[in-house]
Amino acid sequence: MNDKPKLAVFKFSSCAGCQLQIVNLEEYLLDIAALVEISYFVMAKRENADAIYDIGLVEGAVTCGEEIEKIKEVREKCKLLIAFGSCACYGGIPSMKNLVPEREVEKRVYEDVSVIHSTKAFGIDQYVRVDGYLKGCPVDKDELVELIKSALLGVGPNLRPHCVCVECKLRENVCLFVSKGKVCMGSVTSAGCGALCPSLNRPCEGCRGPMNDPNAPSLARTFMEYGLTREDVARKFRKYAGETEAFRKGAEAV
Amino acid sequence: MSLKQIRVNYVARVEGEASLDVKVQDGRVEELYLDVYEPPRFFQGFLVGRKFDEVADTVSRICGICPVSHQLTSLLALENAMGVKVSQQTRDLRKLLALAQWIQSHTLHVYMLAAPDFLGYESVLAMADDHLPVVQRALRLKKLGNDLTDLIGGRAVHPITCVVGGFTKVPSREQLNAIRDRLAQAKEEMLTTVELVAGLPLPEFTRECEHVALSQPDQYAVNEGRLVSTRGLEITAGEYRRYIKEKQVPWSHALHSYIVGRDSFMVGPLARVNLNFDKLSPDARRAAEKTGIRFPNFNPFVSALARAIELVHCVDECVEIIDRLDPHDEEFSVEIRPGEGAAITEAPRGVLYHSYKVNAQGIVEKADIVSPTAHNVNNIEKDLREFVPKVADLPEEEATLKCEMAIRNYDPCFSCSAHFLRMKIRHEDAGRP
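Just so you know, the protein sequences line up as chains A and B, in that order.
Residue 96 in our numbering sits at position 111 of the first sequence, and the numbers go up by one each step.
Residue 122 in our numbering sits at position 82 of the second sequence, and the numbers go up by one each step.
Just so you know, these hints were derived from the structure itself, not from any lab.
All values reported here derive from a predicted model rather than from experimental measurement.
Yeah, the Cβ is synthetic: ideal placement off N, Cα and C, and Gly gets one too.
A portion of the hints provided could be inaccurate.
[As the list claims (entries may be wrong)] Incomplete in silico selection of chain B near chain A, CB under 7 angstroms:
(1) Phe82
(2) Leu159
(3) Glu162
(4) His198
[Stated by the list, open to error] Capping the alpha-carbon separation at 20 angstroms, the derived lysine to aspartate or glutamate pairs in EDC-like fashion look like this:
(5) B/Lys406 x A/Glu128
(6) B/Lys227 x B/Glu94
(7) B/Lys91 x A/Glu96
(8) A/Lys(-9) x B/Glu162
(9) A/Lys167 x B/Glu162
[Claimed, not checked] Listed next, the stretches of chain A that the computed footprint assigns to chain B, with coverage defined by at least 3 CB atoms under 8 angstroms from CB atoms of chain B:
(10) 162 to 176
(11) 196 to 204
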């Protein structure tokens, strides 16, 4: 039992939806627990070991001074550190606040801001080296299983570098963007979700962040042709991954 | 003179981060701080300037455990603000979606977060060796809730299809029938869950605070209704801010909620069962009566039982709604109009309030969100102030556990309330050598 690899789950600024996806592996959960020792997982366990972990899954963005210290400590304790979900990868939804001066955002919620020590929200690789990225808001359960399997096998996970459009075509969906005139982020967004939203008649919102080498400025210009305002285009790109260089280029292209 | 300090550095098996710090002197609580150290989230801050059709996706990310509640409440508030009317099918599907999330969330709490306390385990996984069938049942029921959410909403965590005005995709009759059969089959297991919880050694502790919940004359209120209480409150969502306010306390990122002119209050399954007992399904009522525990009930530890009773109701009402539905895709369009609107729903953890002001371009100018845990934090502290002296003389480990259990009763969601919890229970005795 003690020679099983140790898995740790850490929470930063986040909704806990990605850690919940671990518990949501319902039919595999006991199998996974047989292969790895779930050694640190505060949301699920009361006894959490302070140890060196083989795999560390970090959920959430870094949004305050205390978390900057904490992510550095976590890095020291994890042999393999995974940015677990779009918040940890890019800053995610919390990074939407980066568009407004920090003090102003604070004042909108708290009367006394003297006890609030928040910073701009970033993905964890702003502060530490990261060994792998599991994208998505939330992470996809199949990709999570793939990641755990490959980590146990000591090989790189088979994650997709291409855009959501590829998966959308494979599902034989009618294109919402070209055929129905709905503004869709699929052509610049990283695949792996199985084109879930477009398959449900909702355009892609870009929750998985940029694919490898996207042409975001071109898409931004097409959005303008579709009648979006500059502010609309900026909002599209500055949502889940607005701090990535690729999506920032899209936001600033028009 | 004896001075004891109880400290819980982090409250485990809850969503989010909080700590508790208590100082007890001569059997009296001198200081008690429930510190929600979850970093501030600022959703109300950064929603300003976003477009109305981005709000539901964004607020969903307040909480991965109750994303449906945040989505639905924001949609209802925005529809009120912009004068959007929705179809009866949309209302039915939304209630189904909300109940599906209750099944997922209540199962998670009853079996995985709370039960290990009562059965003496550190986690549900640790229970698997001795109680494998119970753990398997937990996973099966939780999966049922998730699969139903997935069917209606397109995804269990952060659903996709529910938008301002309606649903982008509606499940087919065949799909609904398939899950209806699974729900009907789960009924027996939900009844077993009530028996399981009723058999747990729930601590004796009663504190008669004000309980607040949505209520409707003809059904168990979830997405619609008036906000009522055990002390005569009866208001609409639009009147909420005149009666319920929040104050900032220096030791916590969670704002403290109170009823104007009165005090803290409790929201959640126990408040709902207390206020709406006669609206529960007949089998849920019978299951409750069979336990011998009477409602209204003011022992916060009975919340676990209230969750189990609601699980029975959830299955019954889901089946009823599915049988009534004639599922079909609907065309709908939304006209952007300026306005201000509020809505209240019952999230798994209790009363959730959203309010928005949008301008003529559909841009959010003001957002106000109060989560169930934000409603409850003040009341959890009040519970602890009375509860701690009763357990302070127990051995340190046991006293700490009991305090954690008193917090876990509320199934707190600290991400939602941070505005929210780190828990320290210091347990020192100055009189000890």
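Hint check results:
Given the 7 angstroms rule on beta carbons, the hint for B/Phe82 holds: about 5 angstroms separates it from the nearest Cβ of chain A. Restraint check, B/Leu159 versus chain A: the minimum CB separation of about 12 angstroms is more than 7 angstroms; hint violated. For B/Glu162, the interface hint holds, since its Cβ comes within 7 angstroms of a Cβ in chain A; the closest pair sits about 4 angstroms apart. Because the smallest distance between the Cβ of B/His198 and any Cβ of chain A comes to about 6 angstroms, under 7 angstroms, the interface hint for this residue holds.
Taking the CA atoms of B/Lys406 and A/Glu128, the gap is about 38 angstroms. The hint is violated against a cut of 20 angstroms. For a cut-off of 20 angstroms, the pair hint linking B/Lys227 to B/Glu94 is broken: about 37 angstroms separates their Cα positions. Proximity of B/Lys91 to A/Glu96 is assessed by CA-CA distance (about 26 angstroms); at most 20 angstroms being required, the pair is judged violated. For the suggested pair A/Lys(-9) and B/Glu162, the alpha carbons sit about 17 angstroms apart, so the restraint of at most 20 angstroms is met.
A hinted pair counts as satisfied when its Cα atoms are at most 20 angstroms apart, and A/Lys167 with B/Glu162 does not qualify at roughly 49 angstroms. Under a criterion of three residues with beta carbons nearer than 8 angstroms to beta carbons of chain B, the stated coverage of the segment 162 to 176 of chain A fails, only 0 such residues being counted. Note: the segment 196 to 204 of chain A has 0 residues with beta-carbon separation from chain B under 8 angstroms; the three-residue rule is not met and the coverage is violated.
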